[in-house]
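Chemist: Listed in order, the protein sequences are those of chains A and B. Under this note's numbering, the first residue of the first sequence is numbered 1145, with each subsequent residue one higher. Under this note's numbering, the first residue of the second sequence is numbered 393, with each subsequent residue one higher.
If you are wondering where the hints come from, they were derived from the structure by calculation, not from laboratory data. Treat the hints loosely; a few may be bogus.
What the hints assert, rightly or not - Straight-line Cα separation of at most 30 Å, DSSO-like style, residue types lysine-lysine; simulated pairs:
(1) 411(B) / 1183(A)
(2) 1183(A) / 404(B)
(3) 411(B) / 479(B)
(4) 405(B) / 435(B)
(5) 500(B) / 1183(A)
(6) 411(B) / 1186(A)
(7) 1186(A) / 404(B)
(8) 435(B) / 500(B)
(9) 1251(A) / 479(B)
(10) 1251(A) / 435(B)
(11) 1251(A) / 500(B)
(12) 479(B) / 1183(A)
(13) 411(B) / 1251(A)
(14) 466(B) / 1186(A)
(15) 466(B) / 1251(A)
(16) 1186(A) / 435(B)
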Amino acid sequence: DVQMSQSPPFLSASVGDRVTITCRASQSIATYLNWYQQKSGKAPNLLIHDASNLESGVPSRFIGSGSGTDFILTINNLQPEDVGSYHCQQSFSVPLSFGGGTRVQIK
Amino acid sequence: EVQLVQSGAEVKKPGDSLKISCEASGYTFSDYCIGWVRQLPGKGLEWMGVIYFRDSDIRYSPSFRGQVTLSADKSVNTAYLQWSALKASDTAMYYCARGRGHSFGNSKWIFDHWGQGTLVTVSS
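Modelling step: build the complete structure from the supplied sequences, incorporating the hints.
Modeler: Structure (structure tokens):
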């Protein structure tokens, strides 16, 4: 089974900052990696699929990169509406698995 | 517009049975799968399983196999998640989500639309 880990678990940044969230897989998953945003009290929302493909309607300040075991979600020009939790998910093999999540807050 | 509408919050006692639903609309039901995801209070997301409607294939996470049952009624575009005997540790938010791919062999397991969630509380 593929295990996923994320870091940091929590980050606080200022409006306009660039923030990066890292996701690591326990084995190579090629680019079968998806990112979701979850705002407080809401369901997750797909941001990026297959490591770097921006989902339709998602702002271009969200950028995904990486392959193999190491992946990064970058949020450029952080906005107040970006507050929430971010989850990575591997879609390489079942059982599917998610990272532990990263909570993003505005300073 | 793609929509997944889940049934309402439930409060149950340990040992009770429960079946929650996820009604899909706005797309061809059998062209996609439905996955279920658990979120314990204040925790991350856990994949429970996935159901494919074209061939009725169901895949469970080992962590949930034997603990829950997935099913679907194609005539009403609805997927279900059920328990035969709830435990207090089942208290969580449960989400259904549409997954890309109509069969296990061509599934991409990208969950592009989600239901609003069903909160299940199990307490004596």
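Chemist: So which of the earlier hints does this model not fit?
Modeler: The structure breaks hints 9, 11, 13, 15; every other hint is satisfied.
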